[in-house]
Amino acid sequence: MPWDRSKMAARAALELEDGFYVNLGIGIPTLVSNYVPADYDITLQSENGMLGMGPFPTEDEIDPDLINAGKQTVTELDRTSYFSSSQSFAMVRGGHINLSILGAMEVSETGDLANWMIPGRLVKGMGGAMDLVAGVQRIVVLMDHANKAGESKLLKKCTLPLTGQAVVDRIITNLGVFDVVEGGIKVVELAPEVAMDEVRQKTEATLVG
Amino acid sequence: MGKVYQDAASALDGILFDGMSIAAGGFGLCGIPENLIQAIKDAGTKRLTVASNNAGVDDFGLGLLLQDKQVKKMISSYVGENDLFMQQYLAGQLEIEFNPQGTLAERLRAGGAGIPGFYTATGVGTEIAEGKELKEFDGKTYVLERGLKMDLAIIKAWKGDAQGNLTYRRTAMNFNPECATAGKVTIAEVEEIVPVGSLDKMAIHTPGVYVQRIFQGAHEKRIEQRTTRAA
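Those protein sequences? They're chains A and B, same order as listed. Using the working numbering, the first residue of the first sequence is number 0, and each one after it goes up by one. Using the working numbering, the first residue of the second sequence is number 38, and each one after it goes up by one.
Just to be clear, a hint being listed does not mean it is correct.
What the hints assert, rightly or not - One side only, chain B facing chain A, incomplete, derived with CB under 7 angstroms:
1) 105
2) 106
3) 107
4) 110
5) 151
6) 155
7) 156
8) 204
9) 258
10) 264
Think of the hints as simulated: they come from the structure by calculation, not from any bench. We put the CB at the ideal spot given by N, CA and C, even for glycine.
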C-alpha cells in the first residue's frame with residue numbers, strides 16, 4: 000500500500016540525524032517535525048530569521064512579531080536565536096544547514112528540481128527555495144510520485160522552469176525512497192506492498208541498480 | 038542636527054519624488070513600516086520601484102501603494118498573497134523582478150556595504166541566471182548578482198533612540214537591517230523612542246550611522262496566518 004501523507008512525513012523523519020540543523024519546506028515537509036525522535040536534538044531553521052523554531056502558539060501566546068517562513072504564528076524555545084535575512088541566508092548558502100526537506104512539482108534523474116512556477120499560470124515567486132537547494136548540505140524532496148493527471152513527476156528532464164540544477168539527493172514519494180545516482184534514479188526502498196513493476200510503470204526517469 | 042521627527046509625514050518631508058526607488062523592510066506583514074507606507078500613499082508619489090521581499094496584501098502593507106497604482110516595479114521573492122498585485126501584473130501595469138530571497142537580502146546587504154556585485158550559486162541553471170555573468174570557482178559555477186542601492190529605505194524597528202540606534206523584536210527583524218544600510222536616506226519607524234544610553238549597547242542591531250530620520254508610531258501588526266495549538 001503506498002504511503003499516505005503522514006507516512007511519507009514519518010519516513011522523511013528518518014533522514015534526520017541527531018544534532019542536525021534542518022529547514023522544512025511548506026506543506027507535507029512541515030509535518031516531518033511531528034515525527035522527530037524524542038531523543039534527537041534537532042534545531043529547525045526558519046529562513047525569515049530564526050533558529051530553534053517552536054510549535055504553534057496557544058491563543059494566549061500569539062505574537063505578531065513571531066512567525067515562520069510560511070507566515071504562520073509560531074513560538075520560540077530556550078535555544079532560539081533571531082537574525083536578519085542576509086544572516087539567515089548566509090547560513091543557508093554557506094552550507095551550515097545540514098538538511099532541507101521540501102516539496103516539488105518535478106524532479107529529474109540528474110537531480111534538477113522544479114517547484115516554483117508553471118508557465119502560463121500565475122507566478123508567485125520562488126521565495127527562499129532557490130537559495131535553500133543551492134546551499135543546504137543535503138536536499139530531500141517529499142512529493143507524490145505522480146501528478147493529478149497520473150503522470151510521473153520523476154522525469155528524465157524537467158519540463159517546468161528549474162528551481163535548481165543537480166541539487167536533489169533523495170526523493171521520498173508515496174511509492175518509496177529514491178536516490179539520484181550516476182546514470183539515473185536508484186530505488187532505495189519501496190512502500191509496503193508496492194511492487195517494482197508499479198514503480199517502473201509510474202516512473203519516467205531512468206531507474207538504475 | 039536632530040534625527041527625531043513627529044510622524045511619518047514629517048519624516049518624509051522633502052524626500053519623496055516620482056520615479057524614485059525604495060527599499061522596504063518586512064517579511065509578509067511582519068516588521069513592515071506601516072506608518073511610512075501609509076504616508077507614501079497619502080503623498081501620492083508615483084512610478085516607484087520598490088525592493089521588498091513581499092508586496093503586502095490587498096488592503097495592508099505595500100498593497101496600499103498598489104491601490105492608486107503608485108508602484109511601477111517590484112523587486113521581490115514572493116508576491117502570492119496579493120490579488121491586486123496579480124491583477125495589475127497581468128494587465129501589464131506593474132513590473133516584477135523576482136529575486137531569490139537570499140539573493141535579495143544579499144543584494145541589499147552588499148549595496149549597503151559598498152559592494153557592487155557578488156557571486157552566488159543560487160539560481161545557477163535557472164532562468165534567474167539568464168543574461169548574467171557566470172564564473173567558475175573551484176569547479177563550481179556561480180552567477181554574478183548586483184548590489185542594490187536605493188534612493189530611500191523605509192524600515193520598522195522595535196526600539197530606537199535619537200541617535201538612530203535600533204533594536205528589532207523577534208522575527209520582525211527580517212529584511213530591516215539590510216534595508217537600513219541600502220538606502221541613500223533611511224527612515225526608521227519604531228514602537229518606542231527611548232532615551233539615548235538606555236538601549237543595551239552590546240545588543241544594538243542597527244547602529245545609528247545608517248539611520249537619518251526616526252519617529253515613533255503606532256502599529257497594527259496584522260497577522261497573516263494565525264495558527265494555534267490547543268492550550
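A quick look at each hint next to the structure:
| no. | hint | in the structure |
| --- | --- | --- |
| 1 | 105 | 23 angstroms, violated |
| 2 | 106 | 19 angstroms, violated |
| 3 | 107 | 21 angstroms, violated |
| 4 | 110 | 14 angstroms, violated |
| 5 | 151 | 15 angstroms, violated |
| 6 | 155 | 10 angstroms, violated |
| 7 | 156 | 11 angstroms, violated |
| 8 | 204 | 11 angstroms, violated |
| 9 | 258 | 4 angstroms, holds |
| 10 | 264 | 4 angstroms, holds |
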